[in-house]
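Undergrad: Between the sequences and the hints, there should be enough to build the whole structure, so can you do that?
Below are the chains, spelled out letter by letter.
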Amino acid sequence: MYLNIDAQKEMTYDAIVVGSGISGGWAAKELTEKGLRVLCLERGRDVKHVEGYETAMKAPWELAHRGRPDNQSAEEYWAGIRTGYTVNEEHRYLFENDSKNPYLETRPFDWIRAYHTGGRSLLWGRQSYRWNEEDFMANAKEGISIDWPIRYKDLAPWYDYVERFAGISGSKDGLDVLPDGQFQPAMELNCLEKHVKSEVMRKMGRTLTIGRVAHLTKPQSIHTALGRAACQYRNMCMRGCPFGAYFSTQAATLPAAMKTKRLTLANNKIVSEVLYDEKKGRATGVRTIDQNTLEVKDYYAKIIFLNASAIPSASILMNSKSSRFPNGLGNESDQLGRNIMDHHLGVGASGTYDGFEDQYYFGRRANGVYIPRYRNWGKDKRDYVRGFGYQGGASRSSWGRGVGMEGFGAAFKEEMTEVGGWNMGIGGFGEVLPNENNRFTLHPTKKDKWGMPLVVFDAGYGENERKMRIDMKNDAAEMLEAAGFKNINAYDNTKSNLGIGIHEMGTARMGKDPKTSVLNAHNQVHACKNIFMTDGAAMTSASCVNPSLTYMALTARAAAFAVDELKKKNL
Amino acid sequence: MNRREALSRVALLMGGTLSAPTLMAFGEGAAMPPTAGAAFSFTPAQQALVAEVAEHIIPRTSTPGAKDAGVGPFIELMLKDCYKAQEQQNFLDGLADLDAKATKAHGKKFMETTSAEQVEILKQVEKETTELMKNANVQQVKVGDNVDKEVVDSKKLKGTPFWRLAKELTLFGYFTSEQGATKALDYVPIPGRYDGCIPLKKGQKAYAL
Ligand SMILES: Cc1cc2nc3c(=O)[nH]c(=O)nc-3n(C[C@H](O)[C@H](O)[C@H](O)COP(=O)(O)OP(=O)(O)OC[C@H]3O[C@@H](n4cnc5c(N)ncnc54)[C@H](O)[C@@H]3O)c2cc1C
Ligand code: SF4
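Here the protein sequences line up with chains E and F, keeping their order.
Start counting the first sequence at 1; every next residue gets the next number (UniProt numbering).
Start counting the second sequence at 1; every next residue gets the next number (UniProt numbering).
Be a bit skeptical, because a hint or two may be false.
What the hints assert, rightly or not - Once the Cα atoms are required to be at most 35 angstroms apart in a straight line, the calculated DSBU-like pairs of lysine-lysine come out as:
(1) E:K34 x E:K302
(2) F:K134 x E:K486
(3) F:K80 x E:K48
(4) E:K495 x F:K202
(5) F:K202 x E:K197
(6) E:K495 x E:K9
(7) E:K446 x E:K280
(8) F:K205 x E:K58
(9) F:K80 x F:K108
(10) E:K100 x F:K158
(11) F:K156 x E:K473
(12) E:K279 x E:K449
Hints were generated in silico from the structure; no laboratory data involved.
TA: Laid out in structure tokens, this is it:
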């Protein structure tokens, strides 16, 4: 083979980061700040901070369908439409068109993707909670799946670190089940939420707190130095935040990495496989396909961080075959692509409240309330394992109530312009257990337009999740009842699929034993130590709290370790 | 359909809950083929009729009405782009029915009757729709966090009835229009802060989206 040595040099960096989403942004920031020359490969287009947020400043009437998805989009975004909101006009441009990026379902899986600079960091709900100590030990205690190779104390300083930089607002509640962190000032509860908080505590001993979210409420110099400002309470975050008020790659990690002048961001580069050198026994780089020109190009580096999100990161390893790794790089355990987890939701209750008629609020708080897990905690024991938390909020209704009401005309119109009654909804987010048979594979023959094998999902909820949902539904109604709500509507939407929580994880789990896991305690591929994976793929179990803060902490920790190891010449 | 559908889980995370059911869901079997890009349009007479019906639902008072806010053309656009063939047909049938009712009662088309007569006809349509939906066992169900749907017996009801569509689209079109949002509601594009608990001022209007 002819090798152009100069060209190869040009394509050589200290580190390659695959993906620029929540975890990839952190990898790029940490590695560049520690002195490495980093290439970040992003499969999608570049969405630039502020100027790339096409709809951010649009008024409702400036959107042709006032936000609603049209029939054609509903068809093209066939997976996205299942969520009920991601295909809407105001933020659809930041989600993936499923027809152009198809996947297959042996059992249905709702796969919600965002392929562009920043990934889903522009779209996430920003709920940010630490895992607790038990979360890391539950598998071992219950004999489910495998044990985590790390404990809470390994991650705690990294939680501190990422919380300070990202800017997480929240209240310190002093609970073991929901460890406190380095918080910006909490957002306020509204008066009905305050009432519910005191009632569920008084009558049931359960905590209700304000959501902990990645929004700056009181920016510090590390934030303002990057051009970030305090939240303006517009609640149009999914369009991208022109104020840089919530944590995203664009607002936070990318500008920090760019400041070092050691980051190269390359867009439209689909990483198809990791290049493995059998003689050296290590990864040497990655192969990319240009999403527009289909040009194939290789890039080289000493270390590789896979941060393409759980399914794509595992896919890349599966697609990296050699005689050393015929079933995919690092897949000797056959665990690659297995144990897909998510958080199950779509179950809870809502109700109306008579009272506080003379109370209102000002501003659109981009956050809700949080009720931390209390099931299977302390003395509580159920006929299932693990638990769930609730997210929700109270508000006063608006003209939407008119659709189901009788009447029309001047008086009706007048009524619709007035502030309606109070209502509140709480929905459970439940832990999904790891299960080897919940998996995805790559289709042997079917390929996408870039020649990449299609992902085939075969995963679903199990018995434990189904049992948990009974409590998730009943408890929600009970709490609202205890707080004096009327017209309580408890629901359990059993039609939703795994994936709908958009918290997919577990496809290259961490573990102590290379025979049963893909990654070690530092997120290195057991069998190829210069590949790190720090996105959702790494998770060994799922907890019931939103996962992305944990990906950030894992990424910062692994990056520090990687640079140390490089310096020690161990990689 | 308004923000309730738009927000669903997002609303939940953010504390926004809305009350009324705004979507219809039909049992298996009643699904019509999607009509993406299908030609759908009103005749000039139908356009005038739709605008008139919308104005009856949201008339001009001290604030602009549905006509001022361009609700008529909005309804046409929404039916064309966002609805299935069944709903489009129901809407056209509903318009024809208005004329039929007017002819039967007054011997003229709907548009030629007096405003009071029109109101009577629309009241009758509303009553019939309520009956229709009751007979079809309309039930409000949750399909997600903060997404309500109304589930109906699809054998008894084919698609969302005309009146329901007209009302839903009028309210939606009006309150999200510039006229409706800024004049009939309190429109605050950039609040700048959040106060969780403040007294409701006398005459305070609900916030626009
Ligand atoms: C609507 C919504 C609400 C959410 N709410 C929350 C929440 O409240 N709290 C929470 O913790 N999480 C939430 N999440 C989940 C959160 O967004 C994800 O957990 C998080 O973004 C995952 O980070 P990541 O780095 O693994 O992947 P992503 O952020 O998805 O980024 C992956 C990046 O990799 C790129 N990529 C993919 N494949 C390749 C390839 N082959 N080559 C090169 N690049 C590639 C993609 O284009 C993308 O930019 C939410 C998600 C959504 C969509
Ligand atoms: S609510 Fe806050 S974070 Fe969201 S878009 Fe507005 S300013 Fe940005």
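Undergrad: Starting from the hint list further up, note which numbers the structure goes against and sort them upward.
TA: Of the numbered hints given earlier, those the structure breaks are 4, 6, listed in rising order.
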